[in-house]
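Dock chains B and C against the given chain A, drawing on the hints supplied.
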Amino acid sequence: MIFFIAAAILTGAVILFMLRAVSAKPGDETGQSPAMDVYKAQMGELDRDAAAGLIPPADAEAARIELSRRLLAESRKDGSAAASRSSRVPRPGIIIPIIVLPFAAIGLYAWLGTPGMPDMPLGERMSSALQNQDVEILMAQVEKHLAENPNDLRGWTVIAPVYLRRERYNDAVLAFSNVNRLGEPSAASETGLGEALVGAQEGVISDEARAAFQRALKLEPGFIRARFFLAIAADQDGDREEAVRRWKDLLASSEEPDGGWRRIARQRLAALQPETQVGPGGAEIDAASQMAPEDRQAMIRSMVAGLAERLKENPDDQDGWIRLIRSYTVLGDREAAARALGDARAAFAGDPETLGKIVAAADALGVAAQ
Amino acid sequence: MTRKQRRLSIIAAAGAVLAVAAGLVLYAFQDTIVFFNTPTDLAEKPSPPGTRLRLGGLVKEGSVVRDQGHEVRFIITDTEHEAPVVYAGILPDLFREGQGVVAEGALREDGTFVADTVLAKHDENYMPREVADALKEKGVWQGGTPTDRNAN
Amino acid sequence: MYAELGHFALTLALAVALVQATLPHWGASRGDRSLMALAPSSALLGFALVALSFVCLVAGYLGSDFSITNVWENSHSAKPLIYKISGTWGNHEGSMLLWVLILALCAALVALFGGNLPERLHARVLAIQGALSALFLAFILFTSNPFLRLFPPPAEGRDLNPVLQDPGLAIHPPLLYVGYVGFSIAFAFAVAALIEGRIDAAWARWVRPWSLLSWIFLTLGIAMGSYWAYYELGWGGWWFWDPVENASFMPWLAGTALVHSAIVMEKRDALKIWTVLLAILTFAFSLLGTFLVRSGVLTSVHAFATDPARGIFILAILAAVVGGSFLLFALRAGNLRQGGLFAPISREGSLVFNNLILAAAGGAVFVGTLYPLALEALTGAKISVGAPFFDMTFIPLMIPLVIVLPFGPMLPWKRGDLLGAAQRLSAAAALALVAALALYALEGGSLGGAAGIGLGIWLIAGTISEVVWRSKLGKVPLSETGRRLVNLQRSTVGMLLAHAGLGVTLIGIAAVSSGALEKIVAMKPGETLQIAGRTLTFEGMAPRQGPNYRDLVGHFVVREGNRVVAEIDPAKRIFVASGRQTTEAGIKSFIDGDLYVSLGDGAGTNAIVVRTYYKPLIPLIWLGAVVMALGGVFSLSDRRFRVGAPRRAATRLAPAE
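Protein chains in written order, with numbering that gives the first Met the number 0: chain A, 0 to 369; chain B, 0 to 151; chain C, 0 to 656.
Next comes chain A alone, as it looks inside the complex:
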């Protein structure tokens, strides 16, 4: 509120100040030009120099003559300049821009700025972090506390899930490890560690993470989150039967509240199981998995070709290109992969950032452009 009042006062003051300037009565213009004053001052200086003996009398005389000549010329010119035209610009022509422009500034500010957003100096945030639920500061305070007391179980227990939520996975791994190390591990803390590891590996469920989930289930056999991640792990391994079993098992535990996992479980199940499948995508993949290896290769090739075709028409698809390069690599066709990378380079020539991501992904696969 104070801000809006201050802004209003500022705007008003600016407009008034400028209006006052144009409405003030200007004094009479004198005829004499400042150049005359300059020449007169120079003349005085010349006299002083000559008197001090700094300039030979002959030179001084020459300079004096020249100065007088210029003074004369100036005074003649001045007489004509004094009578120069002057007319008044119509007042609305002045007043309208003076008033309109500051209001335009208000509009510009409303567009660019964040009107009314309060200041947040660090000192103030520190003292009132709890009331304001300032998570960053609270975290910083806990972190500082933990830096001094690295064996404080309560601190690690508080901050670990926050790290996980904020996708600071490496910090989360450390925090959950500390929770498990300092206190009695629980299903929740072991699962947290597993999730953090998964996050740190960008979604890949490593053996370490799997072990954490399994430890959690040992502590609490029905723990949904751990079961959920183990199902995904089976899925990632390509162990279809195990995955289907785990997803079904998960869906069967109906007493648990649904945290969004139920939908994912159904989708995965639909994709994995021919009899319950819904989408054509699932069907194709499933069909492929039932085919003879050569046929499967052929089908994958046709799908990859479809992707390549689609990218040719609509090349503005970063993930598509990465998928295409990866597919070629999986198929063992490194030449095609390199060609695809070359095409991607051409497509993103004007966008080095995206291109960088594609090239980095290709690098990871060991593909270099031709």
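To be clear, the hints were calculated from the coordinates, so they are not data collected in a lab. Cβ coordinates follow ideal geometry from the N, Cα and C atoms, glycine included. Keep in mind that the hints are not guaranteed to be accurate.
Stated by the list, open to error - Restraint-style ranges between C-beta atoms, simulated for each label pair:
no., chain 1, residue 1, chain 2, residue 2, range
1, A, Ile95, C, Ala319, 20 to 28 Å
2, C, Asp390, A, Met116, 51 to 59 Å
3, C, Ile170, A, Lys39, 36 to 44 Å
Quick look at chains B and C alone, frame taken from chain A:
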């Protein structure tokens, strides 16, 4: 001297100074310009040994070997090609394995790059300009936005 | 509130600058005096608004308000107070705000002190300054806004680049910017004179002091930057011919020429067109420097191409301002009356020579700086134009200038007596020659170094000859000489100081270029090293904790014979927030030069690589610059400058402020 002669003499003096300046600039350009190369450039069209050039890229991880004296050997890479470098002297503060570097010197007959200068002046991302450009083209480095070196 | 108020004040300042840029022009061409009277008011108002905005940003830095993106990116709560303040301009957005603040300050100064100018000229000058302000305010608001907010605010900032956390760099940008932007006054006067189609001695009286003031700041700013590079970058270099340095050096060369040609114009009513051109050129170089540093084109041509908003915007400003003013110059310069005849051998002639050389040198630096950029943009080839190029072009151009320099002040206006001047300077010439030859014969070293020192001595001795001549020392009674010395005009004293200062700098440059020693060895505690007749003993390393960094300090004792003469403590500094490392060189100045020690990497157990340099007479480089600036101050304090055209009592054009 008449007014015209005076004016001509000034114009002639100005012309002479400008001609000298232009001559100096052209002459200096022939001798002092140094081209920037990446290891890939060297691999594809190697410069003749002895030509001064700048070589830029990343210092390959694990490649820095310090000899007894102050001779340092390391490899500059742009992830596609590599070039061995020998440098006798003190490396700048910001010289690190895996970081960008520009070395100035010439190729030896055996293909080793003998550097007499390793550049220490980087921007705030610790990445020499030419290296940043070259690596960005190759998509290796995703450095930050252009920022001022020292805000002058 | 201050964050948003600062932002709002900046948009209001843009509105006011637009008023300032347009209405007074209109008033001047229609002869509407109340409209012209709007110019000073809006200039003062604009300055107040930009200042408010700047103070708000500083407040954000002081309070570590990380909800302001700019503060978060460039500050840290543990940073010492001075770097919290200097962090405000230690980054792109903040430094542009400082730039505009100084621009607005210049306009406010013209508004305040310009009451004695012809009304129309005053209004036009302020309008042009308003247009410049408007362009740069728009640039800040649309591409480099320092007031953008961040929610939720992070708990800690990302810290200022450690090499910028240094007292030298805290004051270097403001000094340099006052220098750069101060030339906007001369520029605005030049363009206003072209529009008005007339230019008179009052014009020169105005342009000269303001240009001189900018020149003083630019000189100090460049010297400060050079000194910073010397002690901070860890290997004792003091000038690199780096594009960023050249960006500040080109306006200095043009500004030096301008300060000199303005004298001719003021005293002799000659060189009008050339002075106007130089005023435009100097500010064009300032803008070019701003473009080079601010557009990112130096960091990476590539980055410039991918994120072009800033670069294109500032390139457009550069093209509009420089192109527009040169076009105006081409159309209108012919209208300016030429006057003042002079012979080639005269004070004017020597100043013309000075201008020619400085302009040519500026051109050489310009080509060397921009050629690599142009070549890369056109062909993609990456080349570097380094010190060898500038040494080969700049130095040969400067030599004749230095040789001729002491003659200039000896020659009278209009028509001079070369022989007489040569006679008066013969002692100085002999001294310089003998000194150079003796140095070469006794000390060895390079011929160039000895010649450089000889030239420096020539300048200083030439200045002394000038004093002797003016005071008629030995020709009149001593009391008369004393009277003459006391009566020397301050502008003359300033000129003598500035010329002698150049000589001092030259001696420093020549000595350090030819006589520097360098020793790089791995040392263990207790080991010693001999350099330049002194013994350096490494006593050991110890850690030390700073406010936001940790130092690893090496302790060295310097002995001459068995006498301890100094202790030097260089350090390696690690900044806690960023983990970045800087080298803090240990420097000890002796009468004959600096001993410079900096620490390299560890070398095996207990040993550390130590770089030791002996830099003979290197402090003279910066001392000379300070003397030059002091000369400028003396000249500026000359009463005739301050008075300018005496204020007319009858009128008060500006409304009550």
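Hint by hint, here is what the structure shows:
About 26 Å separates the C-beta atoms of Ile95 of chain A and Ala319 of chain C, a value consistent with the hinted range of 20 to 28 Å. Here the CB-CB span from Asp390 of chain C to Met116 of chain A is close to 54 Å, well matched to the stated 51 to 59 Å. Judged by the Cβ atoms, the range 36 to 44 Å given for Ile170 of chain C and Lys39 of chain A holds: they are separated by roughly 41 Å.
Hint compliance for this structure: no hint is broken.
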